[in-house]
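Q: As given, the protein sequences belong to chains A and B, one line each in that order. This note's numbering applies: residue 27 is where the first sequence begins, and numbers increase by one. This note's numbering applies: residue 27 is where the second sequence begins, and numbers increase by one.
None of these hints come from the bench; they were simulated from the model. Incorrect hints may have been included.
[Stated by the list, open to error] Here are the simulated DSS-like pairs of lysine-lysine, each with C-alpha atoms no more than 30 Å apart in a straight line:
| hint | chain 1 | residue 1 | chain 2 | residue 2 |
| --- | --- | --- | --- | --- |
| 1 | B | K384 | B | K366 |
| 2 | B | K329 | B | K366 |
| 3 | B | K384 | A | K122 |
| 4 | A | K366 | A | K329 |
| 5 | A | K384 | B | K122 |
| 6 | B | K64 | B | K122 |
[What the hints assert, rightly or not] Facing chain B, according to a computed beta carbon distance under 8 Å, are these residues of chain A, among others:
| hint | residue |
| --- | --- |
| 7 | T35 |
| 8 | G39 |
| 9 | G185 |
| 10 | A229 |
Note that beta-carbon positions come from the ideal geometry of N, C-alpha and C, so glycine has one too.
There are 2 protein chains.
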Amino acid sequence: MENLPRTLTVDLGERSYPIFIGPGILNSPDQYIFPYLKGKDIMVVSNETVAPLYLDRLMNGLRDHYNTEAVVLPDGEQYKTLESVNLIFDALLANKFGRDATLVALGGGVVGDMTGFAAACYQRGIDFLQIPTTLLSQVDSSVGGKTGVNHPLGKNMIGAFHQPRAVLIDIATLSTLEMRHYRAGLAEVIKYGLIEDCEFFVALQENIDDLLRLEQDVLVDAIETSCRIKAEIVADDERESGRRAILNLGHTFGHAIETATGYSEWLHGEAIACGMVMAADLSERLGWLARDEVDEIRALFQKVGLPTAPPSSMTREGFIDLMSHDKKVVSGQLRLVLLKTIGQAIVSSEYDQDCLDKTLDAFCKPLD
Amino acid sequence: MENLPRTLTVDLGERSYPIFIGPGILNSPDQYIFPYLKGKDIMVVSNETVAPLYLDRLMNGLRDHYNTEAVVLPDGEQYKTLESVNLIFDALLANKFGRDATLVALGGGVVGDMTGFAAACYQRGIDFLQIPTTLLSQVDSSVGGKTGVNHPLGKNMIGAFHQPRAVLIDIATLSTLEMRHYRAGLAEVIKYGLIEDCEFFVALQENIDDLLRLEQDVLVDAIETSCRIKAEIVADDERESGRRAILNLGHTFGHAIETATGYSEWLHGEAIACGMVMAADLSERLGWLARDEVDEIRALFQKVGLPTAPPSSMTREGFIDLMSHDKKVVSGQLRLVLLKTIGQAIVSSEYDQDCLDKTLDAFCKPLD
């Protein structure tokens with residue numbers, strides 16, 4: 027395949043940075059990593075699943091030129107906590123790393139979010155690079171500078187905006203990704219079609235079988251388009267004062283599911299797939315989306331093998347209580363991302379509460 | 027006294043904010059607090075020493091108009107930890123406070139630093155106000171947006187830059203401050219003379235007895251001049267890429283003392299008073315400061331009742347090891363704030379290491 031790796035730029039003035047997408051990027055640190063390091067100290071942060079696969083290769087590529095150390099954290103959303111971030115601080119301080127040290131996140135979204143947050147807070151801010159190894163983190167969390175950890179009362183409640191110096195997406199790492207996680211990542215890919223690009227949604231419908239086989243051309247195109255849409259939205263609204271919130275389509279419902287199930291049973295992509303179907307259902311009840319569009323959306327998620335109904339244990343009241351903790355609550359009013367049509371999302375707190383109740387009723391008991 | 031309160035502005039573009047200095051500000055929340063609140067939710071953070079004195083009065087002034095809650099933390103530098111900040115997150119989430127909530131720090135530097143850090147990280151950033159009740163926090167930590175907590179391996183190692191919306195300095199609160207803490211605060215006041223304003227240093231020498239009696243005119247002038255110098259430096263270099271570092275005169279030596287004594291025996295102001303004398307001594311050895319200037323500096327701190335020698339348990343090696351963790355270490359090279367003369371500080375890593383050794387030797391064993 028030609029023109030690899032592809033390069034995009036997240037355009038944020040002096041905080042602008044490149045995204046490299048292609049196979050084998052991890053093998054050329056001189057090209058994709060060295061130019062983005064400030065000092066001589068590097069701390070790679072990974073987890074117990076990814077480290078055995080890629081950490082040695084990365085460290086070997088760095089060690090001849092840099093003072094390179096590593097921290098390996100336990101794997102899983104349930105470890106996305108202040109305590110885990112503290113392990114990164116411990117390692118940085120034990121090695122006497124200063125303000126010119128660089129953190130490198132090697133792993134999925136959890137590793138990236140915690141590494142970025144550690145970089146935001148260590149000595150009030152040091153540099154970091156993102157090397158996302160899951161599809162979900164490649165198309166979503168590694169781009170845009172949102173970092174943070176969960177709190178028992180809510181997801182991503184503690185964090186910072188802190189942009190990486192570069193994002194390295196080596197699609198070869200997807201070959202070792204569990205299929206369930208790959209499918210969950212496709213939920214975010216489909217999201218970009220839903221919120222911003224109807225043509226991309228149609229292309230995904232057409233190519234979904236190739237995508238599920240990890241066919242390289244289709245995969246690189248899908249990641250590139252996803253990152254391009256995300257980069258544009260982030261450049262437009264870095265701190266989520268407006269438009270950026272549309273990236274949270276399905277997330278308010280999804281976060282409620284993740285919180286209710288303790289962040290461990292449902293993958294993030296699974297929860298937001300279900301959340302997007304719920305948001306589409308509500309959008310239809312509000313008179314915006316057609317019922318057959320809702321069906322198309324549900325059908326695509328089902329084809330990918332993603333859940334389109336919440337766990338049977340969840341009640342309407344449970345959803346409402348958990349959603350009230352959402353960061354998008356302003357002065358007690360819950361704002362939701364909704365679809366005007368496929369390819370056009372809006373953020374609104376001015377929706378009919380009855381319609382929300384009906385959506386929750388429809389999803390919180392067996393339909394048949 | 028006329029023209030009270032005095033008003034200064036920290037000039038940071040859209041993040042600019044006022045500092046009000048005068049007696050009784052706490053009694054007029056409508057004038058000094060209400061204009062700086064975004065939403066209806068307020069969380070006041072205080073500590074077990076300050077809360078019994080001022081919390082009720084503040085809450086009563088707010089409660090009629092705002093949804094006001096409070097968290098009371100244990101008092102002391104040893105509680106300036108991630109765990110304490112987590113108690114603020116717990117309270118915010120238990121009350122379902124959203125992005126438009128405002129945190130209010132009512133207390134000394136520890137409360138202010140932790141409240142500011144909690145505000146920086148809660149939902150990736152909410153507003154906060156500073157109501158510093160100690161002299162040290164009034165003239166230093168409440169202005170400038172440095173927030174954070176300590177780590178067992180180093181002071182202020184975890185934090186963020188996050189500016190308050192306003193700083194309210196009610197000098198009436200100093201009447202309840204322990205004299206030892208008041209004296210420690212004077213160390214930072216004297217620092218401003220040393221780094222930036224020789225006339226101010228001379229005025230402090232002349233008025234030190236009035237200042238030690240908390241004579242209102244002299245006190246307001248000293249706080250105003252201190253805040254003005256700090257505000258100018260912060261406006262010039264918000265993120266400490268250059269000049270702002272001169273505010274750390276005496277802090278590298280001082281932090282080593284605080285770390286060695288577990289943050290509990292020495293007050294911050296006491297540690298940096300000693301640190302400033304050590305920095306002055308080193309500056310003299312480097313050929314910059316005259317020996318009688320060093321003696322004048324030492325004499326003023328002694329008159330205030332501040333320590334001018336480190337704890338007898340500290341060795342040269344202990345200092346060197348602890349100072350190597352300092353945030354001002356860049357690529358292994360320790361940068362120090364030194365005095366060219368009284369009223370002019372510089373930051374340099376290009377000093378004669380022998381001179382530093384001699385200073386440490388001079389202070390780490392009895393001189394007599």
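Q: Against which earlier hints does the structure fall short, listed by number upward?
A: 7, 8, 10
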